[in-house]
Amino acid sequence: MLKEFVKGLWKENPVLVAVLGMCPTLAVTTKAINGFAMGMAVLFVLTSSSIIISLLRKIIPHQVRIPSFIVIIATFVTIVDLFFKAKFPDISKALGPFIPLIIVNCIILARQEAFASKNPLLPSILDAVGMSLGFTWVLLILGAVRELFGFGTIFGYPIMTHIPGFKPILVMILPPGAFITLGVMKGIMEYLTKKWSK
Amino acid sequence: MKVELKMVIVLTLIGFFSGGVLYLVNNATKEQIEENLKKETLKAIKEIFPNASNKLPKKIFIDRTTSYFKIHDEKGNLIGYAVVAEGPGFQGDIKLLVGLKPDLKEIVGLYILEQVETPGLGAEIVNPNWRNQFKGKKLPLVVIKQREPKTKNEIKAITGATISSRSVVNIIHNAVEKVKKKEGK
Numbered sequence: 001m002l003k004e005f006v007k008g009l010w011k012e013n014p015v016l017v018a019v020l021g022m023c024p025t026l027a028v029t030t031k032a033i034n035g036f037a038m039g040m041a042v043l044f045v046l047t048s049s050s051i052i053i054s055l056l057r058k059i060i061p062h063q064v065r066i067p068s069f070i071v072i073i074a075t076f077v078t079i080v081d082l083f084f085k086a087k088f089p090d091i092s093k094a095l096g097p098f099i100p101l102i103i104v105n106c107i108i109l110a111r112q113e114a115f116a117s118k119n120p121l122l123p124s125i126l127d128a129v130g131m132s133l134g135f136t137w138v139l140l141i142l143g144a145v146r147e148l149f150g151f152g153t154i155f156g157y158p159i160m161t162h163i164p165g166f167k168p169i170l171v172m173i174l175p176p177g178a179f180i181t182l183g184v185m186k187g188i189m190e191y192l193t194k195k196w197s198k
Numbered sequence: 199m200k201v202e203l204k205m206v207i208v209l210t211l212i213g214f215f216s217g218g219v220l221y222l223v224n225n226a227t228k229e230q231i232e233e234n235l236k237k238e239t240l241k242a243i244k245e246i247f248p249n250a251s252n253k254l255p256k257k258i259f260i261d262r263t264t265s266y267f268k269i270h271d272e273k274g275n276l277i278g279y280a281v282v283a284e285g286p287g288f289q290g291d292i293k294l295l296v297g298l299k300p301d302l303k304e305i306v307g308l309y310i311l312e313q314v315e316t317p318g319l320g321a322e323i324v325n326p327n328w329r330n331q332f333k334g335k336k337l338p339l340v341v342i343k344q345r346e347p348k349t350k351n352e353i354k355a356i357t358g359a360t361i362s363s364r365s366v367v368n369i370i371h372n373a374v375e376k377v378k379k380k381e382g383k
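Chains as they are written, first to last, in the numbering used here: chain Z, 1 to 198; chain V, 199 to 383.
For the record, the hints were derived by calculation from the structure and aren't laboratory data. Treat the hints with care, as some may be off.
Stated by the list, open to error - With a straight-line Cα cutoff of 20 Å, these simulated EDC-like cross-link-like pairs (lysine to aspartate or glutamate) come out:
id, chain 1, residue 1, chain 2, residue 2
1, Z, K93, V, E229
2, V, K244, Z, D90
3, Z, K167, V, E322
4, Z, K85, V, E238
5, V, K376, V, D291
6, Z, K87, V, E238
7, Z, K93, V, E284
8, Z, K93, V, E238
9, Z, K85, V, E233
10, V, K236, Z, D90
11, V, K236, Z, D81
12, Z, K85, V, E312
13, Z, K93, V, E312
The model shown is predicted, which means the values in this text are computed figures rather than measured ones.
Whole structure, please, built from the sequences with the hints as guidance.
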């Protein structure tokens, strides 16, 4: 049972192995905090959707499963959006467009299709939490690396400014910076996986 | 049960429940969201006009995207206008509040209420380091790049987000024109 949780962290990591959810991965990771917040929002939406869809898996006919999944996911995303706007207006402002973006995050749809719609409740929850955390750590590192070189800070704390002659590298916070960083991360991961499997 | 019928029933029920849940969540949060918006508008006005009275003045509507407040101090003297305006940015609409002197020619301050610009680039329009340069600037504004502003009309664009910076200036220009017409100035 535990392997359903662990697989999302490394072996079947949704970003680095399955290469899913590229839109939020590349778009929102300009700062570490943005990557982390996106990960937490995905954790809530993915876990809630997996619970509902796992419970309904024998009721939803195969032919209309995709529209059913999308309606359920969109409902949870809208709840998060309204809840943040009412209770945490500051966080809501900082996340702004990221929250509605979760609806089109294909990691969530993929987990429903590949896992929650075929498995009982408990494995589905473990799968959802594992995948969300796998998504979160990649976005967090991606955001931290881009923030470090693009702004010279991590989580808003100045770090690189202590190094004389450092100038923010603008390209790191532009879209190419996201592709470069993600490519390097994927390369390191492949290397480590090969090395460890020997 | 025939599968066609089951499809229709299941989808209808899911849609029905999802609509119901969202109706309840929307009702439960609507007032709080409006309250937050009012609080934020007042906060923006107080930031731009520290002498303004603590009560939110009556909002005067011009059209769907533009409205404004007449700002008075505690004694009732007109100290300026706060214009709330909305317009297209780089990725979506930007909603801002700009404070103007009573002659509608000089900017007192700028506050961004809502935006969905690129984080780290266009979204930096909310950063006080950028928007505070509008203080004391005279209309019409000109957007410049890669050098420091020299005149009272120049606004330095955010590096990598010229379109967002220009959008803010355009929204201000359009809105002020409308307010001038309405106020007969």
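Taking the earlier hints as the rules, which of them does this structure contradict? none
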